[in-house]
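Novice: Next come the chains, spelled out residue by residue.
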Amino acid sequence: MDMEATPSRLSRPNATGSASPSGAALPFLALLLLGILFPLFGGGYWGVIATRACVYWVLVSGLNLVVGFGGQIAIGWVALLTLGAYTTSVLVAGNVTPALPPYLALAIAAVVGAIFGLIVGLPALRLRTFYFAITTLGFATIVTQVALAWQSVTGGGVGVAGPIFPEPFASQWGFYYFCFGLAAICTWMTANVAASRFGRALTAIRDAEVAAEASGIAKPALLATVFLFSGAVAAVAGGLFAALQSYITPDAFTLDLSILFFIAILIGGRGSILGPLLGTILLTVLPEFAAPLVAWSTFLYAVLLLVIVLVIPGGIAEILDFRNRRPLESDRAIIPRPELLEPLLNAPPNAGALTLERVDLSFGGVRAIDGLDLEIHPGQVHGLIGPNGSGKTTTLNVISGYYAQQRGAIRLNGAVLPPFVRHVRANMRIARTFQTPRIVGSASVLENVMIGGTIDGKGTFVESLLSLPRHRRDETMLRDTAMLALAAVGLERLAAVRADRLQHSELRFTEIARALMLRPAFLLLDEPAAGLSAEEIERLGALILAIARAGTGVLVVEHHPDLIFDICHRVTVLNLGRILAAGTPAEIRAHREVVNAYLGA
Amino acid sequence: MVESIVSTGLAVGCIYALIAITYNVMFSASRVFSFTAGTLGMIGGVLGSLFIARMGMPVAAGFLLALAGGAVLGIVTEIVAVRPVLKSLDQHLYVLSTLALALMIQQFTAIEWSTEPQPFPRLFDIASGFDQKFWLPMLACAAVIVGLELLYRRTLVGHAFLAIAEDNFAARALGLPERSLRMASFALAGAIGALAGFAGGEMLLAFFANAPMLTFYGFVPVALGGMGNNRGAVVAGLLLGLFQQAANFLVGGIFASVAVFTVFIIVLLARPEGLAGATLQRRV
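Protein chains in written order, with the working numbering: chain A, 1 to 601; chain B, 602 to 885.
Take the hints with a grain of salt, since some may be wrong.
[Stated by the list, open to error] Calculated pairs, SDA-like style, for lysine to any residue (alpha carbon to alpha carbon, straight line, at most 25 Å):
id, chain 1, residue 1, chain 2, residue 2
1, A, K219, B, P685
2, B, K688, A, Y131
3, B, K688, A, N346
4, B, K688, A, H504
5, B, K688, A, Q503
6, B, K688, A, I319
7, A, K219, A, R126
8, A, K219, B, R655
[Unchecked claim] Looking from chain B toward chain A, a few residues come up when the C-beta cut is under 10 Å (computed):
id, residue
9, F634
10, F636
11, P685
12, V686
13, H693
14, V696
15, A701
16, S781
17, L782
18, T816
19, F817
20, F820
21, V821
22, F844
23, V861
24, F865
Calculated directly from the structure, the hints in this document are not laboratory data.
The structure displayed is predicted, hence computed values, not measured ones.
Glycine included, each C-beta is placed from N, C-alpha and C at the ideal position.
Using the sequences plus the hints, can you model the full thing?
Specialist: Dropping the structure here:
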């Protein structure tokens, strides 16, 4: 990527998604200071409460990536707390092995927690929301039952003593600082992930799964990583919890606790770190203010959950998001700058042609595509038109792997494109947009576009957790490229705005910018002009032509004949899944059957 | 021993099947799986014990009131937790809203009723060979299956229920009162759930923590039998009960639940649409 070629005012956007970094960090710094100074004001019992809040947050911070970012409804995470608590306590007590030092036991608990986090989480790859919620619920009940039954190891109903950490963490405040330190590290790590390509990919899986796939995000690998991390920190929280309780029995790990963790995240707001952090503190402290509330606390959490779901789905984070309440300019035009495409696309890899050979696809008795031949060449715009139900979008979906053709082959430069492995398309530099824009509404426009470049990041999840140099380089590169893509489609002024505040036409151009992040060899556009004004369609046409001039092959499915005939090098007309006509725009316009069937006189 | 496994297994299986039907009746009307299904079962047992044992009502009155209580909670579920989120694009919301309502009912019961299991009264004063705690759930399950079959096949309202379940938009286009039918479905589901808890009261006792237990074990037959498929749910429920009791005897209670859970997960992972169901979704 040659950044010299970009206008300098684009290369360092000030109005990025996370505002100025110092401003976003301010609440965290305030909480850090408060936490460090806490022992000066709080006495005895409040120290226990504060320590408990820290322990809970260690777990919730990891769970937040699963629930808040990944959108997986994991309500039984107390199971991992239980697991970590027992693993640490039993290893320190020496019930099965020689007694281990507490730190080693805690580390082993983290490994065990990671493994079980993966086991509990894996069903999420196959199961839909409610199913997954139920399986985590079932897991939570079972872990407690096993703890109760496995008397020789866990002490059964009698329980087992929690670990005691050696000095300097043995005293109450010493242990508080230990937990607080871990909580602070977890905050920092998850905030790093949240602001990384992994965090954005998670929100994409949550809100726009098909777009995530089209951007090359492999859901299984990503979720597995997050479950490992979340399981590990939950088990560490369990070890700390056991030490704080000083003695644990299965009774200590009620489902109520699980609900507290879960609800803390939703009250805080999905896709936020600060919100769930405040939510955790709130829920830990709230019952302490009034004794009668203790019995009713879970009831109140449930009421809160209902209110959040029905009234403020964005949670605390949305309430605190002042920036996005400022009105946007009302008369804003999208003015693409096609000249920026050259540095952005930077001569996409020449992949030869994308070809469909005699492709058949039936749904039951309906032949959606019937012996379709199609050839798309780099640097050309190929139009696909036809009446509703003629198989246009189905063709796109076969190319991008949502359906498997029953016969025929799809080849890229001679190599067969396998069906169903959708995220592989992005690796082959095939990008697409959707008939209804698939956008992460709660993320900024810039972040949405950055999602498109996910596969070009080099750093691993661990590097992002710890904010190592390669992660920071990735972020800079993705941010700069995304700003360039936004400028190219004419949306750079909206980069920092929440995507769900955009107009429909702006969402369409956002999707194109996201697709351009792949530096696509082939770009598939599904009705890009739908819902656009005449002026916008004209600019869109110029943009598409410029994309093709930069070397990308473009396949456009459209209903606007004017746009198609203006920009396409070749046009294929479908009817009932078959090719009615194919040729240059001039030939198609003169084609008698096409005129009769579709274009009208 | 075999006899005991079979009678207990079938009785428990019938309770699970009834909760599964509760899920299904709500699902058919709204495409929503509600976390309150198990809670309704729990409330049936608690209300039965409250009316008959604590307040000394006659069995018939207590029975009808318990069912009515379940029906009311079913309607509350529809109004509070389902209707507001039905139009939302984010389909995850119903999981959260019904979970919240289920927790509220459960916690309220724990605090206002008891956190300890309370005895459920013996309903009939007869000493037959086959204990009523076994045949009551079976009778209830059989009655519900026959009743639903008659309702769906023979009555106009039943046809309307089926129409809504089959194609909501088409049913509304025909002028069916979708909202009233949905509320009626939830009332019916509530009564069926309460019936499950009432008929299984002697076995499960009147205990608030039955709610999450039934929510989980009642959902297993739904998942295995295919969503919305009542026959599949009954077969899967009975199998689940028998399997659980057999495992109980063979490897002990705790590992029986582990076994059930493991089988559940494995089957679901292998066939997410259930053993007797098929779904095809258009995603793009």
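Novice: State the violated hints by number, sorted upward, taking the hints as numbered earlier in the document.
Specialist: Violated hints (numbers, rising): 1, 3, 8, 16, 17 and 22; every other hint is consistent with the structure.
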